[in-house]
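Read off the chains here:
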Amino acid sequence: MNGDILLDAREVTVQFGGLTAVNAVDFQIPTGAIVALIGPNGAGKTTFFNVLTGLYTPTAGAVFFDGRSVVGLAPHRIAAMGMARTFQNIRLFGAMTAAENVMVAMHPHLKSGVTSTILRLPKQRREEKAARERATELLDYVGIGGTDEEFAKNLPYGDQRRLEVARALALRPKLLLLDEPTAGMNPQESAAFTSFVRRVRDDMQLTVLLIEHDMKVVMGVSEHITVLEYGAKIAEGSAADIRSNPRVIEAYLGKAATEGVG
Amino acid sequence: MTSAVAARGGRLAKLGLVNSVGLVFVGLGIAWLIWNIVDGPRLFARLLVGGLSNGALFALIALGYTMVYGIIELINFAHGDLFMLGAVMGAIMLEQWFGQTKSSPTGWILLAVAMLGAMAFCAAVNVVIERFAYRRLRNAPKLAPLITAVGVSFILQNIGIRINGSAPHSRTSVLPTKEISVGGVGIRVAYIVVIAITVPLLLFMTWLVQKTKIGKAMRATAQDRDAARLMGIDVDKIISFTFALGGALAGAAGMLFVEVNRRTSYDLGFRLGLIAFTAAVLGGVGNLLGAVIGGVFIGVIQALNDGAPHGLGQEWTQTVMFSILILMIIFRPGGLFGKHAQEKV
Amino acid sequence: MTIIPQGARSTWNSLPPVARTAIPAVLLMALAIAGPQLASGPTGWLPITTLVFCAVYALFSMGLNIVVGYAGLLDLGYVAFFLFGAYVAAWLMSDFWYTRSIHILDAAHKVIDPTTHQPVSAQGIHLSFWIVMVVAALVAAIGGVIIGWPTLRLKSDYLALVTLGFGEILPEVFRNADFRTVSNPDALNLTNGTKGIGPLDPIGNGFLRHLTNGVIPKAVTPSDYRAKYYIILIFVVLFVYVSIKLRGGKLGRAWLAIREDELAASLMGVPLMRTKLWSYAIGAAAGGFAGTFYATTVGIVNVDTFIFSFSIIILCAVILGGMGNVWGAIVGGVVITWFNYTGLVWIGEKMNSALGTKVKLKDYEFGFFGMILVLMMLFRPQGLIPAARQKQVQELERQIEQQEVVPT
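Protein chains in written order, with the numbering used here: chain B, 301 to 562; chain V, 4 to 348; chain D, 710 to 1117.
Just so you know, these hints were derived from the structure itself, not from any lab. Please read all numbers here as calculations on a predicted model, not as lab measurements. Even for Gly, the Cβ is constructed at its ideal location relative to N, Cα and C.
The following residues of chain D were derived to be distant from chain V, with all beta-carbon distances above 10 angstroms:
| id | residue |
| --- | --- |
| 1 | Ala-734 |
| 2 | Gly-744 |
| 3 | Thr-825 |
| 4 | Pro-828 |
| 5 | Ala-1063 |
So the derived label-pair ranges between C-beta atoms look like this:
| id | chain 1 | residue 1 | chain 2 | residue 2 | range |
| --- | --- | --- | --- | --- | --- |
| 6 | D | Val-829 | V | Pro-44 | 57 to 63 angstroms |
| 7 | V | Val-29 | B | Phe-316 | 26 to 32 angstroms |
| 8 | D | Met-738 | V | Ser-326 | 42 to 48 angstroms |
| 9 | V | Glu-76 | B | Ala-532 | 32 to 38 angstroms |
| 10 | D | Gly-1065 | V | Leu-339 | 57 to 63 angstroms |
| 11 | D | Ala-1063 | V | Arg-266 | 38 to 44 angstroms |
| 12 | V | Leu-206 | B | Phe-316 | 33 to 39 angstroms |
| 13 | D | Leu-1064 | B | Arg-432 | 53 to 59 angstroms |
| 14 | D | Asp-933 | B | Asn-389 | 57 to 63 angstroms |
| 15 | B | Glu-449 | D | Asn-898 | 56 to 62 angstroms |
| 16 | V | Leu-339 | B | Phe-316 | 19 to 25 angstroms |
| 17 | B | Asp-440 | D | Met-738 | 35 to 41 angstroms |
| 18 | D | Ala-739 | B | Glu-449 | 25 to 31 angstroms |
Please take these sequences and the hints and turn them into a complete structure.
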């Protein structure tokens, strides 16, 4: 553990050919915090997530997770280090059951090899049993208990979102990245989700970073907010700071809007 | 999807290694080329012309592959077999329907007719294949249309077996067999004819794709199918048209092939088709000019490998060709001229 | 379009998972053991030779099922592992390396020494069949890793093409690996080129012979197809077990995750290259086993028998049975092989005598296999066998039908 900054991103820049998707962004997340990354569509938020998780290599900049540099590491290594995520468009493993989906994310922590699996050695059987039990626990925890043997593809939308969270939690993450987790939710669901995020952070002792468009959720749960526009950071601060920041309002609503706001 | 994960180039040192190994292979290739030139310049020139002629045919086939891949991201495994059917049908039309077996002005005119016939036939077959085998699977996971294409390839080969027989069939040709001498080097007239026909065809294709409205629609659909649809482009029609064009090119290549080489076999398409696809990959799949250059390049390499003093001989051609394919795909999947674009996730 | 009615299917899906595995297992075992009894004479509907080949191809099919069915990697060059297995058998169970004489628990025939008129051990390297099977599987697995290492990072269509390329190159290399000429008779010769290597030693039963006090002969006579059938059946059963065990564990889940969504899999901690290489290695091992057995059954190894369409035929079997379904792979392998070796001819004859036509059905085998691939992909991508994992693919079907975009 590196003091109290879990994730330290410095001057991260991502260019696709001529387009600069992320522009020299500095970003720190203190351990145990719930922070949000917001900005209008196309601001580079998901691209930034992809840099953190190792899908993209930044054109420039550095990222330190739990004290170690993660730029250039394969995504599965970063995941094993404790960074888990959910997706904007749900990406579950449709042909597998809910329990199996969750168990996939236990891969880095399961130690049995091919031979012990084939020979059904006691160590492997115990490990599988424990994994199964943990999957059931996680499914219960996120509120879809009993769906263990349902195929992920058949679950209703809301349950699928929860399954994605359960799967991410199976990685025993230190940092949980949630990409637009309340997309498609109604106000009650969003409110329930807001308290859920706090509960997860407290129960699992992790840190949360969310990308969100729903301002109620953002303002309601985030301890710190960073705003991106066209790939660059234009503001950061507490919910109160951001709410009244004219630059932020301009980014979302256009210049005319700031003229009407006090 | 994979290229986003693999093309991270995150292991920056590794990227350097990959590039240097690639350069080593290119260097070796050039050295081999020069070695052959030095040890037999007359033979080299002779083989070069043959290679250019075959290369022109490969270019036609490669163009068909690349056009289809550009527009629906599908490697149409059956494309080579279309070329085979074009050769077989063209030969039958010319020999049996028109009764032309010798070189003569009438023969040449009817060759043109037969070629157009072969082109029309292959275009029609390709459109039918797209309509019934591929269209439904346009949005299915990648594995499905690939497997279907393999299946279609087999069906076409069976048709080839029925029409052509399972053994190679020798054919007559209306092209003259004589050679002319240029600077002491003997050059087959047939090769010159092929090049003379292919070049205008390729130029026509370029004009079609670059300068016409339908060509623009093709390019738009290739770039972004949904946007094209929103712009009012009838995407299904454009895709059918692309398949028709690709088929026509394969048919033309088939007709010319049989006139120059005087034989057809049912597995011609499978073998040559994959070689042509190597050419398409060499030029950058989706890159039309690249396909042409790649085709010519591959044709020359094949001719040299078969006949040059330091070639490995005909029995190693497949290996050489596929080794090039494999090396290209591994080291430079974007082709010699392609760009390595990172995919957006 | 479905073949099994809805009511039957939902009943099946409501059975506990153990039953869903055990019932097909028991049924297939019963059928398999009864196999030779069901066999007909050489001109009937199921010659014993065809039955043996059905079992061999079932093993090939299960191997490819691991690569294509579980991990979703379209390998069109599976023939490579068949080749490795067969040539390892050729090298280690024949007189090919005649300058040496190495014998380990083998069952090779003795030859009569022309000068002493006494039986002596044959030249060449002769290992016991059982040892060779293991060696061949290892060689094939290593070959799989070597082929896989540079190619498994590629997109699915390029992977298909590259593996197809390997499937073309390797037979050509084996065909050309005889560099002897009239002027250079001592050049390197690894394969005898198109002449092939043979005959191969029979399968040795030494151990069983001791056990049964001489009742079981020392070696399987080349014409004893019943015995050969039961021997390959052992390997089939073993591989079914391995397949199921792996599928139910960490590796199987990793494979399916890669097949479903490779990107998400890597983000959930699944190491892509390592997992894909394992699928290649295990699939290759199956190919190696089957290739060796095939070689000893046929008795000679000649590269021209490895028709290029082999890889496609095995793919056909996996698709027909249902990708990712080990029982489907077996059924697919058996059905396809039956059609290939006997069925087309037999049905053709029956049809001709019934309808008075003169059609040679075997002439249409390419089209037949091609049609299977196309029709299966268009109408029933999940295969003929109702697998437990049905609903997701029905959803896929429905979406294809309605031209919806399938989330990847």
